[in-house]
Every structure is written in C-alpha cells, then in structure tokens.
Amino acid sequence: MSTAWVSCDSAAVAAGADAVAEAIAAAGITVRRHGSRGMLWLEPLVELETEGGRVGYGNITEAEVGPLLDGALDDTDRCIGAVDDHPWMARQHRVSCARVGVIEPTDLAAYREHGGLAGLLRAIELTPEAVVAEVTASGLRGRGGAGFPAGIKWETVRTASADVKFVCCNADEGDSGTFADRMLIEGDPFTLIEGMAIAALAVGATEGFVYLRSEYPLAITTLRRAIEICYAHGILGESVLGSGRRFDLDVRVGAGAYICGEETSMLESLEGKRGEVRAKPPIPALEGLFGRPTVVNNVLTLSAVPMVLADGGEAYAALGTGRSRGTQVFQLAGNVARGGIVEADFGITLDTLVNDFGGGTASGRPVKAVQVGGPLGAYLPPSQFALPMDYEAFAEAGAMVGHGGIVVWDDTLDAAAMARFAMEFCAKESCGKCTPCRVGSIRGVEVIDRVIAAPDDGVRRTQLTLLEDLCTTMTKGSLCAMGGLTPMPVRSAIEYFPQDFGIPDDTTQGARS
Amino acid sequence: MRQRGPAPAAAPTPADPARAASVRALAEQFTDLRGPLLPILHAVVAAHGHVHDDDIPVIADVLNLSRADVHGVVTFYHDFRRTPPVAHRVSLCRGEACQARGAQTSYTAATDRWSASDDVEVAEVFCLGLCAQGPSGQIDGTLHTALTPERIEALTTGWQA
Ligand SMILES: Cc1cc2nc3c(=O)[nH]c(=O)nc-3n(C[C@H](O)[C@H](O)[C@H](O)COP(=O)(O)O)c2cc1C
Ligand code: SF4
Ligand code: FES
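First to last, the protein sequences are chains A and G. Each residue of the first sequence is one higher than the last, beginning at 1 in UniProt numbering. Each residue of the second sequence is one higher than the last, beginning at 1 in UniProt numbering.
Some hints here could point you the wrong way.
Unchecked claim - Here are some, though not all, of the chain G residues that point toward chain A, as calculated from beta-carbon distances under 7 angstroms:
hint, residue
1, Y77
2, T145
3, E153
4, L155
5, T157
The set of hints was computed from the structure by calculation and includes no laboratory data. Being a predicted model, the structure only gives us computed values, none of them experimental. Don't be surprised by glycine CBs; every beta carbon is placed ideally from N, CA and C.
Just need the whole structure built from these sequences, with the hints factored in.
In structure tokens:
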C-alpha cells in the first residue's frame, strides 16, 4: 500500500485527524486529505488504498498509526473493510454528496473525472428558459427548510428585468443538528460553485455571493480556494467555460447571528446592515439584494442542480415520494450511536434513520424523542417513527423536515426544559423587529417556568392555557418563522411528554389544535 | 468642561491616532465591494481584537454612513466584540444536539470554574456543525468534540485561575 486517505473535514480534524495524517506521512506513506464520508462516529477514519478498494479503519489515534500500518488492526473490529461496501454506505443513495469523502476537495481534475462540470456544460448548450424548465421538471424543492420549488423561484428571477441580477447561496446553516452544508462545502466545493453558475446562466445573473457563517472557518478557506481555482480555469469570470457569459462569485462571512439564515435578513446582512427581517412582499426574486432580482437558495438546493442538468430533470424527479422529489441529506446528530450524514430518497422513515442507520442512542439507553428540522422543529416520540420523510406528511403531523437534521435524545430528556430552551433561544436570537417574537419569547420562558413550578394542577392548567394563547399569538403574529415556528417544539413537547410538565397525559388533549 | 463658541464640526480626535489611521486604512481596502461594512468590521476585529467606540466614527466617515448606522450594525452581531479579548477563550456549544450529549454539565462546570478569572472567558455558541460528536467547543480557537468537564480541565491546564 502506498496511499492513505485521511479526512480534512472539521469533524475529523476536531477528532484528531491532523495528528494521525502527520504520523502516517512521517512513516513514508503518501497521505491524501479528502472530505469526510460522513461516518462521523468513526472519525478519524483512515482509508488505505488496496486492490480491493479503500479499506477503512475507524477511530484511529496518533499512537495507533504504527500498528495500523503494520497490519496489526486488520483482523480486529477496528477494520471496517472496503468503505464503499460498508452497509452504512451501500444502503444510501448519494447524489448531492456523491463525491464528498471520495475526492480531495479542491482537486479539479478529480472533480471532472467524477462527473463534475457535465451539468454546467449542458446548461451552456441550452437556452436559459430550457435550463429553468429542467429544474422545474426535476421537482427540486428548497433544502433550506421551507421546501419551495426551485424552478418557480428561478423562473420569477429569469423573467424579471433589471440592470443586474444576483444569485445568493444561503450557507448560514445555524440550525443545531445540521452540518450537511458544511460537509458539502468542505468536501466538494466545486459542486456548489457549478450549481451557482448554472443558476446564474439560467436567470441571467452576473454576480453571486455565498453567505457563509463565521463558525465554519475551514469551509471558508476551502470555498475561497475552490473559487480561485475556478477563476484560474475559466469556470468563473468574464466567460464561464467559454460561453461568453460572465459570472463573478464571492464569499461573504456572517457575524454570528442565527436570524441571518432567514433569507431577507441574510440579504440585509450582505448589504452591510443589521440582519433584520424584511416584510414580504416584495419577494427577493423580484426585489432582493440591493433591490435587484435575486435567487436565494440553500447550499444543498444549488448542489443538486449539476446532477439535474447532467442527467435531466426527469431522472431526478424519478427519486423520492409524493411531492418530495429527489434525495435529502439527512444528518444524524445528538445522542446517537452512529452519527453522520445519510443521503437517501425522500420517503425513508425516521425509524430506519434513527435505528437502522443511527443504531439508537450513543448512551445505550432507550430513545425518548428526536427533534427533526432544527431548533424550530418538533420533538417526536418513537410512536411517530413510522413517519416517512416527506414535507407534506411531516406538516400534517405538526412537524417539519426542515434542513433534514435529526437530533436524537435518550430517556434522560426533560422535554419541559427543552421547551423552555426553545423560547430562550428565540429570545436570544430574535431580530427584534416584531413584538410577538421579541417579547413573546421572553414571556414564554416565564410562563414555562411557572408551569414547571406550579404548586397545584389548577395553577398549572391556567398557565398552560396562557402558554397556548401565547403560542397562537406568536404563530399568527410573527413576521417570520423564527417567532412563527418556535411554538412547534414547545407544543410538541407538551403533547408528547406531558409528564415532564407535571401533568397527567389526559389533560393535554387539544393542546396544539 | 463646556466650551464657548461653535461646536467642532469634525469627529472628536480618537484617543489613539495610530489605531484610527490603521482602522481607516483597513476600511479603505474594502470600499470597492458591494456592502463593505461587515468585511470591514471583521478586518478590524482580526487586526485589533475588538471594535472600539472610537473606531465607529472613522468607519462611518470612510463609508459615508452615520455613526448610528455603524453602531447599529456593530451591536447587532455577536462576532463584533466591543472589549479587548482576554488571554484565553472557551466557547462551548449549547445547541440541542450537544445538549443531548451532556453539554449543559460541561457549560455549567466551565462557567463556575472560570467565573472569577479575568484572563479566561467562557462563552456559549449555538452549533459549530459538529453535532454528531458533541459536546463541541473551541478552546483558544481549536475545535474539540466529546468535551467533558474533565477534558476541558485537561485542555486548560496551566491557565491562570
Ligand atoms: C429563522 C430562520 C432561519 C433560517 N436559516 C436558514 C439557514 O441556515 N439556511 C438556509 O438555507 N435557509 C434558512 N432559512 C430559510 C431561508 O429563509 C430560505 O427559505 C432559504 O434559504 C431559501 O432557499 P431554498 O429554497 O433553497 O431552501 C431560515 C429561515 C428562518 C425563518
Ligand atoms: S419573528 Fe422574530 S426574528 Fe422574525 S421578524 Fe419578527 S422579531 Fe424578527
Ligand atoms: S449543536 Fe453543538 S455542534 Fe451543533
């Protein structure tokens, strides 16, 4: 064996991958640094190149590099065999993440060898109208949470007239339990750049920005490097791959504000202002960045586009379930035995994700709940695990798929404490523009405190009624989903875990009707 | 002391002219960008550790904004700290995924441990994108996963209490 692969992804580096890579290099072996496969419970994962493929060894420490290279780990459970054949990988359907963890992030030649740029080359052959038609036919919906059809948004921007139009990638990824945007950017940044270039050609945009959160320094470095390489190879700049059409792309770093993930707040921030949410209409597709027509899409939405163009919208639409087409990159996080990214067709159940892929809790205790879709998503008990991952099915169950993050909790979960935390988080991160959210969240913390400390059932019931009123006010009266969705974790916690609030199960009927 | 006569038209002279000149030079580097204010503030924090009150009129002047505009932006974002950084910083994630793995215990232990120290700052963050391996955090800028009170103690040995 002459080559070893060690991930350079933040999650691997934080677990000690750099020291492992250095030790392997010191032994005279060529080390290549790729993105992470997303088998995060095994990081640092070392892959040795063999005739039978890249063979993986999990949780390698610097001290174990010697024994690893001597073959001493080959017959132990630390060796997981060929990584591609591992059931956890083999059962997935990797489309957006097909190259993540396989190639070196900024190796343009490898990117092309693995199918990169095929989508952009095809987009150049087509009219802008036909490119948008492909995206519409694919059924691709926004991966940032709301699930709005990308094709409709693009068509609005394409048909708008203006001196300049923009494509903005929302890479703020502030939701707890989500890291797929980060892993895509750190592991395969060219896919995002290609997707943005296709969007630009489709709508007639000449400038683009990636709004990337400051909490992801490695992603910032990798993306900037990838953009430089694209300029050097004529993929960005005055004539995108010789098409004669210009597209300039820049990275802008956020400054630690969760609300800047909301698209209009993100645009304000890009303009150099406080990240306060704008009232809609006007929609950003018509009056977005600096008042110009702007495509705002999530990292994974834009990263699905190269495949849609390369293979055709119909091929993408053939994947998934109901109106949720294609694949989603699910993120298994929290108290889970096998955490990481699982890309699969929509329609996969929570049970499959949490128990089959995730292997239950890391603590070995029973699963009590999962929170799906970030801090504004619902807490769901195992009795809801048959739910298929589908935007509509989740909405019907009073929950949301969101960005596909799944946070697993064992039976030590105190749902009342987490309901309080949801309100506290909203109070801290509210942009402050509207009263239901700014003040309501502070009141929410106070009321939940009174529910928890209630001396008797009568007081508890009164306070719960007040809390329910408050949730309704926030849901109906907030300008954006920060205040509008904070009641979701709160209400689901009360509905499914009334005991944690000190109430017998039968008094909560209709708590969220 | 009150002075007679017309009020001075120009901004008051910053306490530190060298710093003012540096901030002005930093700001001027970005004026060609669309929406230059955030990049400028990041650059000021990177170069000087924080945004001082005296930096605000300088930046406002370069961008032809009101001081209130710049002040409003500086105070909106967590990243633009307004006091000089201290010797060491422990940032611990309190996002749900990390809480599901015991982040609250480490956070409480760390805040208690360093509450009396002027040299160590314990801060909360909400998600570093390492949610499958929590509790996560940054200790003097380096990312760590699986942080327990014991590991934090080990990673901060030798720090002034
Ligand atoms: C409070 C709040 C936070 C949000 N955070 C993000 C985020 O981090 N990333 C993201 O892509 N979208 C986020 N969104 C959704 C965006 O507003 C917007 O819908 C999305 O970026 C559009 O892109 P898409 O259609 O590709 O999903 C957030 C929305 C709200 C209300
Ligand atoms: S709901 Fe909250 S975050 Fe959204 S606009 Fe209102 S105050 Fe701002
Ligand atoms: S929730 Fe702590 S790193 Fe994401």
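Verification of the supplied hints:
| no. | hint | verdict |
| --- | --- | --- |
| 1 | Y77 | holds, 4 angstroms |
| 2 | T145 | holds, 5 angstroms |
| 3 | E153 | violated, 18 angstroms |
| 4 | L155 | violated, 12 angstroms |
| 5 | T157 | violated, 18 angstroms |
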